[in-house]
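Residues in the sequence shown are numbered from 35 upward in steps of one, following our numbering.
Keep in mind that the hints were calculated from the coordinates and are not lab data. Beta carbons: idealized from backbone N, C-alpha and C, even for Gly. It is possible that part of the hints are untrue.
[As the list claims (entries may be wrong)] What follows is a set of in silico ranges between Cβ atoms, one per label pair, in the way DEER data are often shown:
(1) T117 x A141: 15 to 21 Å
(2) G169 x F145: 36 to 42 Å
(3) A135 x E79: 26 to 32 Å
(4) L81 x L101: 29 to 35 Å
(5) T118 x F145: 14 to 20 Å
(6) A127 x G78: 26 to 32 Å
(7) R110 x L159: 22 to 28 Å
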Amino acid sequence: MSKPRRRRARGRKAAAVPEVDRAVTVAFAHRILGLRHLRDKMLGEDLFSDPAWDLLLHLYVRNAAGLRVAISSLCRSARVRPTTGLRWINLLADAGLLVKADDPADARRVFVGFAEGADETMHALLARAMTEACGDEGLPPPG
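The task is simple: from the sequences and hints, build the whole structure.
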């Protein structure tokens, strides 16, 4: 039986990605997560689902904080069921966006992180989205 082929991420380098400080894109990711939580609270969380995006956003924020992230912890913070989260993490890993690593101190735990270049792609995507959503003024203050 042959192994499934690993797909490479289909992302292309975006033309004219604005230069934005990493702290600003992390704040924007926090804002997106807050808006998604508000949407779920006001309209019902059973109506909306985008586990891959939720996992990527949460990982981006935690990665920026210098945290090593376990799969179970990422699923909890993204409010994704463990089986669903693992399925999406495996798909994202097969797409070349994430990598998994066993915890040498605890065989029950597996860490997840961005594959080479994927963190920079998330930064560029968030910088571009922020610029398109907020214009040249940048990220407005919360409130």
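Status of each hint after checking the structure:
1. As the Cβ distance of T117 to A141 is approximately 20 Å, the hint placing it in 15 to 21 Å holds.
2. G169 and F145 have their C-beta atoms about 38 Å apart, which keeps the hinted 36 to 42 Å range intact.
3. Range check, A135 to E79: Cβ separation about 31 Å, and the 26 to 32 Å hint holds.
4. Take L81 and L101: their Cβ atoms lie about 30 Å apart, and the range 29 to 35 Å holds.
5. For the pair T118 and F145, the supplied restraint of 14 to 20 Å holds, since their beta-carbon distance comes to about 19 Å.
6. Under the hint 26 to 32 Å, the C-beta atoms of A127 and G78, about 31 Å apart, fit the expected range.
7. In this structure the hint that R110 and L159 lie 22 to 28 Å apart at CB holds, the actual value being about 24 Å.
Going through the hint list in order, the structure satisfies each hint without exception.
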